[in-house]
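Next come the chains, spelled out residue by residue.
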Amino acid sequence: MEDPSIDKVAISGPALASMIQRFSTSQGSVDGLIFGHVSHIAPTLTDDSPNSTSSATLIATITGFFCSGSTHSFYNSSGRVDPVLLRRLVLAQAQAQSPSAHLLGWFSGRRKTHLRPSLREFSVSNALSSNPNLTFPIQNPPEGPSNPSLVPSLFLLFASPITDQTIHTHEYRAYHFRASKHSFEPKSIQIVNIGPAFRAQYENFSPNSPFPNLPFELRVSPMIVDRGEDNLDQLRQVNKDQSELDMCSEGLEVGSLSRLMGSEAANYATGVEDLYEKMLVKIESLTTLVEKSSAKVLEQENLNRKLRYKAARSAALE
Amino acid sequence: MSPETAPPLIAAQLNYLLSHFPLVVKIENKWSGSKYYPGILDRFTLVISYCLDVIKWDIIFDAESPMAAPDVIFGPDDENFQQFLVLRGEEEGDTKSPKKILNDWNSRDPTQLMLLIQELRDQYMSFQKKRVAEVDDDRLKFEISTIVAREGIEMHMSSGVDKRSQRRSNFQCLYWDTNINKMVPGCPWKHKQKIYLQVIYPVEKKYVSTPSAPRLKLVSTTELKSIFSIDDVKLPTWLNGMCMAEYLPHLEESLENQFGRPLEADPVFCRKATFLAASGVFTFLVHVLISTQFPKQQPELMLQSSQHFNSQGAPIKSLFLTESPWSPRWEIPLMAERICDYLTDEALNFKRYCNEPQLQH
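So the sequence lines, in the order shown, correspond to chains A and B. In this text, residue positions in the first sequence follow the numbering used here: the first is -9, and each later residue adds one. In this text, residue positions in the second sequence follow the numbering used here: the first is 673, and each later residue adds one.
Some hints could be false.
Claimed, not checked - Dumping the calculated BS3-like pairs for lysine-lysine here, alpha-carbon to alpha-carbon at most 25 Å:
1. B:Lys702 to B:Lys813
2. B:Lys707 to A:Lys102
3. A:Lys102 to B:Lys728
4. A:Lys(-2) to A:Lys177
5. A:Lys300 to B:Lys889
6. B:Lys944 to B:Lys866
7. B:Lys772 to B:Lys728
8. B:Lys772 to A:Lys171
9. B:Lys1023 to A:Lys102
10. B:Lys707 to A:Lys300
11. B:Lys707 to A:Lys286
12. B:Lys772 to B:Lys813
13. A:Lys286 to A:Lys296
Said to hold, decoys possible - Taking CB as the label site, the calculated pair distances span:
14. A:Leu279 to B:Ser830: 58 to 66 Å
15. B:His692 to A:Lys171: 31 to 39 Å
16. A:Gln155 to B:Tyr708: 18 to 26 Å
17. A:Gly241 to B:Gly711: 47 to 55 Å
Just so you know, the hints here were simulated from the structure itself, not pulled from any lab data. Beta carbons: idealized from backbone N, C-alpha and C, even for Gly.
Looking at chain B on its own, in the form it has when it is part of the complex (with noise of 0.2 Å):
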């Protein structure tokens, strides 16, 4: 066999993970635990996307026997999570417990390894969640009976010794679902495109007076920062006694005016998009053109009144804007944000155009 593959079976169930995976899953690390054949890989570190970190599993093949299911190392602080797994998988008769696909592995369905990493994912999620149920915090307590009704809800505990040698675990949260691929219609993302509410909780030592603030951060997916830049956000400040149930709508709204609202896109070319936008109470439609010489050539703008109309009854439009401030040499980010300058200094322009009595045509 030639050096460094993977036997067949083996390989179509790793290329099968890769490609279907709904998240982030990378192979880190492949190696041979064969004696005689050093070049047969069976033995991969799978790093896998969870709660804004990875968790790195082992997964061990044998290339002596590439029909038998793999076995799972998971990481040296993950002792207890193999504990719950199997605690939970014996008073449980699902179908699709981990233990159910190790049992009845079919090495011809080149599916299943993605199934068993799904299904173990989904248990070590629940573990978490189980962990940081236990913590013994009355604001934690609440907190999580207010939002855990949300989707895509993620939880991590994390324990570490601060300076003080005080014991703090930290608990995180994921809040935040958008969809960002419904706003943009017929985008090329594989992946889900999501901004992420990363949340904090420190607990310290009991009896501490009021609680600290938990420590926020917004974070988008990669592909997501190519075209906006989730640092820019401005988080609403968290108000002492707030909770997060307060403050998560607080936040919705100010990320939605941040994003506009795409009204509509063209998914094949690209060329076309519109936007509602708002500058206070004035509300208007941003009309983008793009050009075949972009990014070499700015797009086109135009803005329209959703308020104001001419005498015919038409909404009032703006000429074409093609005096945007503008390098091809820019990185993307500072294109997007001149635009958007540009944009918002046009708007009052329009705005008071808009409110200028019509002339007769």
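Chain A extracted, bound-state conformation (with noise of 0.2 Å):
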């Protein structure tokens, strides 16, 4: 099977921030998946650089990811994928991602270890990228007769320094595995933040947001009330615009969006003040839904740990 080169990874800043923060937080080693797109990149064409003759490149862009918070999420401890334990996650992951995010690969976090893959990574990224059931095409593919596609073969290796240092903290490189060859190519990773360096990356930009379309006319008008079917029809589609707008912010009509159009735009600092207010609100409620079940799940955890060294202890003591 053709295999072709992946020249770059790109990840967006808070996305690799955030990886990091989950592998920092865990009790132990993490793993998870790596969800985006592979994309080709002409060459951009820069007047003032004669020498850049690159040819088009081959871009993996990570736009989501999935923590297991613990190892052997997918696999077992010889690096023997479990393709249904994997289907699972992937599916589960189907609604969280963005619907163009295909499985890219995977990656481990391990705390305190030279940032070398193991051989158990080596085994795990062998199995993913020769599953012949998850290939994916390349967005916007060179022209031409053949197109390659892709199988999930990113590896992405977080670490830790063996001895603790003040500054540097964490490690982390990015892997193509190579099914070809059978072997990792370490690949440069490039955090993508609004600039005129990512010119190219506009270029495959898709916006992609829960945020729901605004409604331009909307009137309730005492009018149209006996327009029975209709009527009903809209009212359904105001249902479901509210409950998505219930999604970001809380407390907010979505009537009340229309003043952001139209003819009431003269109270659009109003609107949007008001809008941006109910967010927060939103937010606020969200974090503290997540404080009490994250304490909950600390409190399993720690729970579930001092079990786990009662039952290694007793089964050392056999």
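Starting from two chains that each stand alone, build the complex the way the hints lay out.
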């Protein structure tokens, strides 16, 4: 099978920070899946640098990830991938990830170890990249007869230095597992931020937001009350929009969004302020929810750890 | 839990490995990867002897789940070894393969880690052999084909760039499987005592008219060093156009001469030993008697000819030789050396004595 080489791995700063955060707050080693897309980027034409005759590049962009919070989430101790567990994880993530995202690969984080793939990590990457059911296409592929598909072959490794250091606390490295060569190729990670250096990225940006479409004309006026059927449809639509809006703000009615448009846009500032305020309220209530559930999870985890130690000790005594 | 300990299940695995591994293995470094209990050790660097050098592998357990199988991180240069292992694991349904051991990890069986390391080291040996076999060098291919049947050969490929920026691969090879333990019955050594021959074939760019002689070096196991100085052994010269299969018999012979041939030894108190020795064509026995005052007092020696007999048909013996030069303050190799020098002289005297017409009693 053809095995195109990925040239670069791109990830947004917040996404990388969030992965590191998950790793550093976990009890032990962690693993998880990486989602995103691989796109073909034509060379940027820059007039002032004559030597930049770089050919087109294949960039893997990580748009999301799932952290299992532990290890062996979809493979066993010898690195054999369990297809059922993997499918379950990928399906569970289908909702959370953007529709254009594919399973790009996986990551592993382990404290105080050398930043080199281990035997198990090699086996898992080898198994993932040789699974024919997981192939996905390249976005905007180069023109040509063949359109090579890709396999989940990305591997991100996180580690922390073996001896404690004050400033340097985490290390990471990206690898592309080449199925044809059965080996890891280290790849540079490009942290994508907004700026002129990332012009090429904009070309491939597809907005993706759960925010509902703003209904331009929304009048539940008394004049159209009797037009039953249509009205019911409209109401249903309003309800749907309302529930989508409730995902991002709290206590804001869809109707009030009309203030941001049309004739009422004069009150634009108050409208936006109102929207942001309600969004903040939503975030706050989510935070409390997360806080409470985290406390419960921590409590349970502590209990589990104690039980595990107990079990391990009694097993050793036997 | 007390600070700086490994969880009991992991400790049991390590202890078994350290006490039962047939070769030299050490723990160079141990540390904790645990966030909450920094005193619980679950990461270890093992130093395993290989091809007269060592390989260092990190064994990564998880203090959070001590019953789970460990993971292994190999050395920075051994990336291809993982590839070798995984590909080989796919084609073989071997019950002993590392993959199988990891798959069926049973934390209650303390032998598991040792079996894993042993199997991984065996695979590493095959991996290096494969790498050496891939070197495109006629002489090397020939040498390997002629000696490959010998036991105990370990190979290692090392690449380096020498001063003239000429790429050079060194291929190391170990020969010689003389088991000294057999020569000294009842010896207390845990590991087999051996003398190794290290051979380094420099492989330079092709089209060199005559391949350069391999670099040869004798190495002995550490415990053997205390009684026998390997540096004093003069290697037979390597003749141009020679090959290892021709060279080895010479070397083996000269080494055996160095040692004499122990015939008998008292394995319990270690006070008596008898060696077969030769001075030219004159073959004789040396009886060594070690007194309870040893090493304050030198051992007593007695020579016995195997070719001369007295009128009663009994072999001719020398008197007890108690006058050999000696100082209890000498280093052990010096003691042995002085005894050997002394014996060399005495052997000539004894031979002369044997050749004299025997006086009738």
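Structure-based check of each hint:
no. : hint                             : in the structure
1   : B:Lys702 to B:Lys813             : 41 Å, violated
2   : B:Lys707 to A:Lys102             : 10 Å, holds
3   : A:Lys102 to B:Lys728             : 16 Å, holds
4   : A:Lys(-2) to A:Lys177            : 6 Å, holds
5   : A:Lys300 to B:Lys889             : 54 Å, violated
6   : B:Lys944 to B:Lys866             : 23 Å, holds
7   : B:Lys772 to B:Lys728             : 22 Å, holds
8   : B:Lys772 to A:Lys171             : 24 Å, holds
9   : B:Lys1023 to A:Lys102            : 70 Å, violated
10  : B:Lys707 to A:Lys300             : 18 Å, holds
11  : B:Lys707 to A:Lys286             : 20 Å, holds
12  : B:Lys772 to B:Lys813             : 33 Å, violated
13  : A:Lys286 to A:Lys296             : 16 Å, holds
14  : A:Leu279 to B:Ser830: 58 to 66 Å : 59 Å, holds
15  : B:His692 to A:Lys171: 31 to 39 Å : 38 Å, holds
16  : A:Gln155 to B:Tyr708: 18 to 26 Å : 20 Å, holds
17  : A:Gly241 to B:Gly711: 47 to 55 Å : 51 Å, holds
Checked against the numbered hints above, the structure violates hints 1, 5, 9 and 12; every other hint is satisfied.
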